[in-house]
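Trainee: In case you want the letters, here they are:
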Amino acid sequence: MPNHTVGGHSDITQEAHGVEIPDDRRYGQTHEWAKQESDLVRVGISDYAQGQLGDIVFLELPEPGRPVQQGEPLGTVESVKAVCDLWAPVSGEVVEMNDELADRPELVNEDPYGQGWMVVIRTGDVSELASLMDASAYAQHCEESAT
Amino acid sequence: MPQPTLLSIAQTGKRCTRLPAGDVPERDLADLVPVHHLREASPRLPEVSEPEIARHYALLARDTFNIDRGFYPLGSCTMKYNPKVNERIAAMPGWALLHPDTPAPHAQGTLRLIRELEGWLAELGGMDAATLQPPAGAAGEFCCVRMFRAYHDSRGDERRTRIIVPDSAHGTNPASVTRCAYTATTIRSSGGRVDLGELGRALGDDVAGVMLTNPNTLGLFETDILQIVQMVHAAGAMAYYDGANMNAIMGYARPGDMGFDAMHFNLHKTFATPHGGGGPGAGPVAVKEHLAPFLPVPRAVERDGALDWDWDYPQSIGRVHSYHGNFLVAVRAYAYLLTHGAEGLRRVSEAAVLNANYLAEALKDTLDLPHAGPFMHECVLSAQSLASETGIRALDIAKALIDYGVHAPTVYFPLIVKEAIMVEPTETESKATLDWFIAIVREIVEQARSDPQLLREAPHHASVRRVDEATAARHPKLTWG
Numbered sequence: 001m002p003n004h005t006v007g008g009h010s011d012i013t014q015e016a017h018g019v020e021i022p023d024d025r026r027y028g029q030t031h032e033w034a035k036q037e038s039d040l041v042r043v044g045i046s047d048y049a050q051g052q053l054g055d056i057v058f059l060e061l062p063e064p065g066r067p068v069q070q071g072e073p074l075g076t077v078e079s080v081k082a083v084c085d086l087w088a089p090v091s092g093e094v095v096e097m098n099d100e101l102a103d104r105p106e107l108v109n110e111d112p113y114g115q116g117w118m119v120v121i122r123t124g125d126v127s128e129l130a131s132l133m134d135a136s137a138y139a140q141h142c143e144e145s146a147t
Numbered sequence: 001m002p003q004p005t006l007l008s009i010a011q012t013g014k015r016c017t018r019l020p021a022g023d024v025p026e027r028d029l030a031d032l033v034p035v036h037h038l039r040e041a042s043p044r045l046p047e048v049s050e051p052e053i054a055r056h057y058a059l060l061a062r063d064t065f066n067i068d069r070g071f072y073p074l075g076s077c078t079m080k081y082n083p084k085v086n087e088r089i090a091a092m093p094g095w096a097l098l099h100p101d102t103p104a105p106h107a108q109g110t111l112r113l114i115r116e117l118e119g120w121l122a123e124l125g126g127m128d129a130a131t132l133q134p135p136a137g138a139a140g141e142f143c144c145v146r147m148f149r150a151y152h153d154s155r156g157d158e159r160r161t162r163i164i165v166p167d168s169a170h171g172t173n174p175a176s177v178t179r180c181a182y183t184a185t186t187i188r189s190s191g192g193r194v195d196l197g198e199l200g201r202a203l204g205d206d207v208a209g210v211m212l213t214n215p216n217t218l219g220l221f222e223t224d225i226l227q228i229v230q231m232v233h234a235a236g237a238m239a240y241y242d243g244a245n246m247n248a249i250m251g252y253a254r255p256g257d258m259g260f261d262a263m264h265f266n267l268h269k270t271f272a273t274p275h276g277g278g279g280p281g282a283g284p285v286a287v288k289e290h291l292a293p294f295l296p297v298p299r300a301v302e303r304d305g306a307l308d309w310d311w312d313y314p315q316s317i318g319r320v321h322s323y324h325g326n327f328l329v330a331v332r333a334y335a336y337l338l339t340h341g342a343e344g345l346r347r348v349s350e351a352a353v354l355n356a357n358y359l360a361e362a363l364k365d366t367l368d369l370p371h372a373g374p375f376m377h378e379c380v381l382s383a384q385s386l387a388s389e390t391g392i393r394a395l396d397i398a399k400a401l402i403d404y405g406v407h408a409p410t411v412y413f414p415l416i417v418k419e420a421i422m423v424e425p426t427e428t429e430s431k432a433t434l435d436w437f438i439a440i441v442r443e444i445v446e447q448a449r450s451d452p453q454l455l456r457e458a459p460h461h462a463s464v465r466r467v468d469e470a471t472a473a474r475h476p477k478l479t480w481g
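Listed in order, the protein sequences are those of chains A and B. Residues in the first sequence are numbered from 1 upward in steps of one, following the numbering used here. Residues in the second sequence are numbered from 1 upward in steps of one, following the numbering used here.
One or more of the hints may lead you astray.
27 Å max Cα-Cα, derived DSSO-like pairs, lysine-lysine [claimed, not checked]:
#, chain 1, residue 1, chain 2, residue 2
1, B, 418, B, 364
2, B, 418, A, 81
3, B, 431, B, 84
4, B, 477, A, 81
5, B, 364, B, 431
6, A, 81, B, 364
Away from chain B, derived, C-beta distances all over 10 Å, residues of chain A [stated by the list, open to error]:
#, residue
7, 23
8, 35
9, 80
10, 105
11, 134
12, 137
Restraint ranges, calculated between C-beta atoms of paired labels, are given here [said to hold, decoys possible]:
#, chain 1, residue 1, chain 2, residue 2, range
13, B, 370, A, 30, 19 to 27 Å
14, B, 389, A, 115, 50 to 58 Å
15, A, 76, B, 97, 43 to 51 Å
16, B, 57, A, 100, 55 to 63 Å
17, A, 137, B, 389, 25 to 33 Å
Just so you know, the hints here were simulated from the structure itself, not pulled from any lab data. Positions of the beta carbon are idealized from the N, C-alpha and C atoms, including for glycine.
Chain B on its own, in the form it takes in the complex (with noise of 0.2 Å):
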């Protein structure tokens, strides 16, 4: 059963505290405020008791699935584990009660950290400079491309107008490109990967730039990278390296080394923050030297020892985010790095490689998998052939796989791959929990075919049944209580 709304158990007159009488004299509102400035009637805030209020929300925790709970292998959203000493760190004083206008000498240890992870993150990318202003993933898209738009007018290259995004990347993509007021131009690929002659025929001189997913949506290392970058910038072009999937790769290859211009990194997903409703995300921004004037400002800069706000950065595209980005979650990915070191996050990359290729290797045969291996963080196999067979769909297995406690993974995307199902693992899951996985797959592509049925009104033991998502989207019921 769903959980009641608050508005629903209130009763009049029902208080969690009872405040003792006011010792100075009572006044009316309206003696304070203005008249016009009044509301007309009180507002309607559900009343109830202290006890009340903690069951609602220890309820909705319990109907609330985490990854503290169970495997959650959401493809494209790197759900992995997230250590709790982070979040010891980024609880303590010093970082999580700093007023962010606190001038920069009484804010040393703050800058310091900052700085110093965005020097890691540029050298984990082959990177020369970085910010950490953008708010997440797409925020850092948006931030790469307007600086390649500042970058070409900076050099009086003004007709450039667009910007090529390959079928297989992030669906942000085509997304900030028409923020940054471009047109994306989509190019298809073959076999999972670019295809070289669409790209050279999509290249041209009004072409600003190229944004390219890599490890791309599908799990596949683009094998062409250094030719891509190759092509894109003899076109005059700027290569920009999404980022999302850095998990797979850390320590092993650095976009930098590819040739690219700017890259985004996700600290939510590679450096193990809570995200997923659990908390904000960041999306940190690297670029090569002839990029760095164009970066957000304020910058931190350190002179003769001591760390500061610099704003002079007059071909900057100027602020991207309030204050200095999700501040909190830079201390948690910085914990996070500190813990690993570099071998450590070697190890973390080869573990999610090998967990990804396990399992497709696991289930190659119960599902399709319409884009041979090796793959890299995750996989997506394919429910197209079960569906012609016995109709059941991809969403009716992410539907069952609720009922054995396994966050559904991601479905229908890529939408390169009918019936997708996209896994990712993630290294912090154990061979245990990977091979109990894959004989629940195993079980409901049986079930598929002696009992539909019981598929198609799947999930059975969650606190909501199957919701009626279409219902929901066309008339949506916006109001509660």
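So here's chain A without its partners, still in its complex pose (with noise of 0.2 Å):
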């Protein structure tokens, strides 16, 4: 079973193989973290997701406006091994970008968690959030990706 264990985003955090899982957001089956900030939502891919990947060279994601539905795709995350989709994990529209990573894509294996966060989305609906796993549910999902 996962430990508890002191990370730098929150006060406690789980952790399965190395990787850091705070547990002040929820998270996506493919890998999404969903943070709440009053009726926004932040969104990033977790310290997991970017350890697969390896280096990441290019984001594609949504201009500020665009509506957007849990379970479809958000946009696509490029490292030197593959691409992948990101999926939004809460409907609503989106409000801000990570314009930064643009040009420093690196944040996000960097500080996946902080400077690394992809989009904000403002949620009509936050009760979606429940429908995500929390970071223990998420560590256990880790655990069973990686066998």
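Given two chains presented individually in distinct reference frames, assemble the corresponding complex, making use of the accompanying hints.
Mentor: What follows is the structure, given as structure tokens:
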């Protein structure tokens, strides 16, 4: 079972296979994280995902104003190994995208839960977050993905 | 050392040839060309002597790996040896110098070759009609999916918006789907093969078709193939067979007999035409009778012993390539088919499958083998255990192989295998070459335990050391000189 360890982004994090899983946010099956900030939800990919992808070299993210549906493609993440879809963890409207990633995609590798955030979604239905995994369920999910 | 560019060895005033003085009066360019069309400064072209050019390209060729130089087990790409006789035949002036606009009565031989090759491909695939137009595998996929759309539209069935693609399919499949304005639905495989439950849940009356790579990218034959096609057809969808891996099944199994409606071939893989920087590809498409009206035009037809181009197919999806596809690739494939014959092709597939299984069996204790065989034309090994034990990953093994004069295998694909190393030996390699490769991989894995740092810095003997792929992709420098 994953241990509770102290991490950099929240007081308590889960840890699986040496990756950080802060428990101040929720996680999707496809390794996105979603962090509620009042009626906004900040979205990025997990430490586990960036580790699996390897060096990220390019991101295609939605412009602010675009409506998104939970479970629909939100953009793409390209690493030296693969190109993967980024899936919307919640429905709503994109209100902000991380412009800095255009020049510094490596931020996703270096700080996936902080400076490597990707978009902010204004969601009409915060309860969608409940359908995502909490940190301990996600740690379990990573364990299963790793085998 | 990487070779310097021509611009960096250029010196002003150097020439390859000395032209004689003109015997017509010289005129200023500005008198002949409107000033606004003239460039303001001369182009920056390298000024070099002929020996410098000759050496420059000879040295680049020396530093470039190719199939004539060594073992090229690049999984998924079928890098088999390209027989020289095919080159000789394709270079014959009758083929090579014919203008593609030559009227049909003066191009009977060319039309004959196109028509016969289409017929042979249709026969190999168990299909009814074919086109040589698509210039590559992905273009063949696009052509097939485009025909699916035309077929459904012709029946007034316009509610179909999705195409199902298993996660063990070729990466280009979802891209072809998107190009045809469909949405790709990915289904997870179980045990390395299509999961019938997943397929059943994904199918519905909004599904236009299913794209199946068989044998799939794990080198596995889809054992439920007949049931898969039955389920697809029961949902009113079309079944497409990605024939990129035909090298494994020639003369043994035919997609048409399995019930597929359309398929493509990769002439550059299965029929030994140069690729991977060595030449363009070709992705002919073959279909069953009910899709034939939608094939690209013009089609080569024969009437009373004379061959002609026929444009009169009102339901055709139109052209998918200018003129008649990459014709000289078709000539090479035609020559390959003639040299092998039906029995020869069977033996090609037998040897390709035997070689892949020999490698898998010999290396299964050295690396992980996440999906058990029997394999078809290729096998997917994994460096996952080695990586967690030593930190040496698939990438390091691939780089180390370069030092031994082996082309690095495909790594990190298919995505469903972690630390994947995808090896496709092809039928053209001898047992001695395979044994040599097996010994090298074992040596590298031993080294991973004894001297991992050496492997992390590999390759040591190539003209270019380990390249920084991440920086190259993040901050590409797209100019030269």
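Trainee: Taking the hints in turn, state whether each one holds.
Mentor: Going through the hints against the structure:
With a CA separation close to 15 Å, the supplied pair residue 418 (chain B) and residue 364 (chain B) stays within the 27 Å bound. Of the pairs offered as hints, the one joining residue 418 (chain B) and residue 81 (chain A) holds, with about 11 Å between alpha carbons and a cut-off of 27 Å not exceeded. Restraint check for residue 431 (chain B) and residue 84 (chain B): the C-alpha separation of about 22 Å stays at or below 27 Å, so the hint holds. Between residue 477 (chain B) and residue 81 (chain A) the CA atoms are separated by roughly 20 Å; this keeps the pair inside 27 Å, and the hint holds.
The hinted pair formed by residue 364 (chain B) and residue 431 (chain B) meets the criterion: a straight-line CA distance of about 17 Å does not exceed 27 Å. Among the hinted pairs, residue 81 (chain A) with residue 364 (chain B) is consistent with the structure: their alpha-carbon atoms are about 24 Å apart, no more than 27 Å. Against the 10 Å criterion, residue 23 (chain A) stays outside the reach of chain B, whose nearest CB is about 26 Å from its own CB. The Cβ of residue 35 (chain A) sits about 26 Å from the closest Cβ of chain B, beyond the 10 Å cut-off, so the non-interface label holds.
Residue-level check failed: residue 80 (chain A) sits 4 Å from the nearest beta carbon of chain B, not beyond 10 Å. The claim that residue 105 (chain A) lies off the interface is violated: its Cβ sits roughly 6 Å from the closest Cβ of chain B, which falls inside the 10 Å cut-off. Every C-beta of chain B lies more than 10 Å from that of residue 134 (chain A), the closest at about 24 Å, which supports listing it as non-interface. For residue 137 (chain A), the condition that its CB be more than 10 Å from all CB atoms of chain B holds, with the nearest at approximately 19 Å.
Here the CB-CB span from residue 370 (chain B) to residue 30 (chain A) is close to 21 Å, well matched to the stated 19 to 27 Å. In this structure the supplied range 50 to 58 Å is violated for residue 389 (chain B) paired with residue 115 (chain A), their Cβ-Cβ distance being about 33 Å. Restraint check, residue 76 (chain A) to residue 97 (chain B): a C-beta distance of roughly 45 Å satisfies the suggested window 43 to 51 Å. Checked against the given bound of 55 to 63 Å, the beta carbons of residue 57 (chain B) and residue 100 (chain A), roughly 43 Å apart, lie outside it.
Checking the proposed 25 to 33 Å range against residue 137 (chain A) and residue 389 (chain B) shows it holds: the Cβ atoms sit about 29 Å from each other.
Checked against the numbered hints above, the structure violates hints 9, 10, 14 and 16; every other hint is satisfied.
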